[in-house]
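Visitor: As a plain string of letters, each chain reads:
Protein chains: 2
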Amino acid sequence: MLSNEQKQLVEKIGLMHESEGLSPAVARVLGLLLVSDKVELTFDEIRETLNLSKSATSNALNIAIKLDRVEYVTKPGDRKRYFKSRIELWREHIMDGFCKKCSWSKMFEEVLKHRTKETKDFNKAIKDFVNFLEYMGKELPKLYKEWENKTK
Amino acid sequence: MLSNEQKQLVEKIGLMHESEGLSPAVARVLGLLLVSDKVELTFDEIRETLNLSKSATSNALNIAIKLDRVEYVTKPGDRKRYFKSRIELWREHIMDGFCKKCSWSKMFEEVLKHRTKETKDFNKAIKDFVNFLEYMGKELPKLYKEWENKTK
DNA sequence: TTTTTAGTTCTCCTTTTGCAGAACTAAAAA
DNA sequence: TTTTTAGTTCTGCAAAAGGAGAACTAAAAA
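If you're matching them up, the sequences are chains A and B in order.
Here our numbering is used: the first residue of the first sequence is 1, the next is one more, and so on.
Here our numbering is used: the first residue of the second sequence is 1, the next is one more, and so on.
The hints are simulated quantities; they were obtained by calculation from the structure and are not laboratory data.
Check before you lean on any hint, since a few could be wrong.
Identical chains share a label here; the pair holds if one copy fits it or two copies do between them.
[To be verified] In silico DSBU-like cross-links for lysine-lysine, where the CA-CA straight-line distance does not exceed 35 Å:
no., residue 1, residue 2
1, Lys150, Lys54
2, Lys145, Lys54
3, Lys142, Lys152
4, Lys152, Lys54
5, Lys80, Lys142
6, Lys138, Lys75
7, Lys106, Lys117
8, Lys80, Lys145
9, Lys7, Lys142
10, Lys138, Lys80
11, Lys75, Lys142
12, Lys124, Lys152
13, Lys54, Lys124
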């Protein structure tokens with residue numbers, strides 16, 4: 001099903017995803033669905049290729065689906081589900097991740113509001129960070145839109 | 001040592017950090033060092049305020065230091081270490097995180113190189129994503145420099 | 001020299017995570 | 001109606017994470 005090179009790539013992509021906090025099984029499923037020659041794979045193809053149990057496969061797929069990393073399609077006269085990567089959403093996921101970080105500014109503002117006013121330098125450093133996050137929170141969506149315009 | 005409001009804030013900041021993959025103890029230490037009226041706290045002040053064991057405190061501080069989230073200063077004629085948040089580095093940490101994501105483009109290019117050429121649409125979607133990451137990888141440092149210029 | 005201080009490291013325990021395997025389910029096929 | 005298919009859910013286990021407490025260490029103080 002997979003060449004040795006492909007297997008290695010699945011592992012490598014898996015590690016990339018594990019570094020994001022996903023479990024090995026989910027991480028490998030995402031890897032497989034990027035690397036496999038077939039874009040759409042069935043439950044059992046995934047299970048067999050990755051040597052997972054049914055439960056692990058089921059859970060991994062459902063987690064990936066809930067995370068909007070995977071979807072499935074069905075075909076007339078076939079009751080299998082065909083799972084595939086939602087690669088088109090990845091750039092939104094990336095941007096969402098960025099924007100989530102920027103929204104930390106709220107928390108740091110709250111910190112500032114409750115801090116003693118004695119520690120001028122430290123408070124200033126926090127304020128600078130808040131400003132930075134707010135700046136990024138405004139500029140990143142612009143950047144995203146610019147890219148969208150450029151590519152359509 | 002901490003007001004109730006401050007304690008709650010420490011927990012809230014803690015959760016924020018846990019969502020980044022840090023353990024509760026490290027997460028709370030980082031929270032405490034942002035919220036505490038004193039900017040510099042000793043080992044035992046941290047330990048007592050957070051109700052941690054010595055080992056947990058030691059490990060948490062060393063992890064935070066290795067992550068460049070915390071540093072310590074010493075004072076003449078005093079052998080305690082005074083730990084403090086490296087808040088000034090946070091915006092670099094944020095940018096590093098962003099740039100790390102953008103460097104995923106390499107991995108996806110490798111995927112593309114090994115993929116079958118049959119799946120045109122899917123490969124195109126990957127290529128689009130690679131382009132997007134590369135675009136961000138170029139524009140984000142610019143944005144950062146712009147902000148630096150604006151604020152100095 | 002002995003004692004104290006400021007932490008570090010080791011051992012142990014509890015909780016959580018990740019997965020296997022088996023039992024189960026609902027729809028379709030025979 | 002019974003059987004097969006395509007999964008899901010439950011039970012249980014093994015490994016890893018997180019942290020407590022005690023033993024340890026190195027430098028400073030007495």
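Visitor: If you test the structure against every hint from before, which numbers come out violated?
Guide: Failing hints, ascending: 1, 2, 4, 5, 6, 8, 9, 10, 11.
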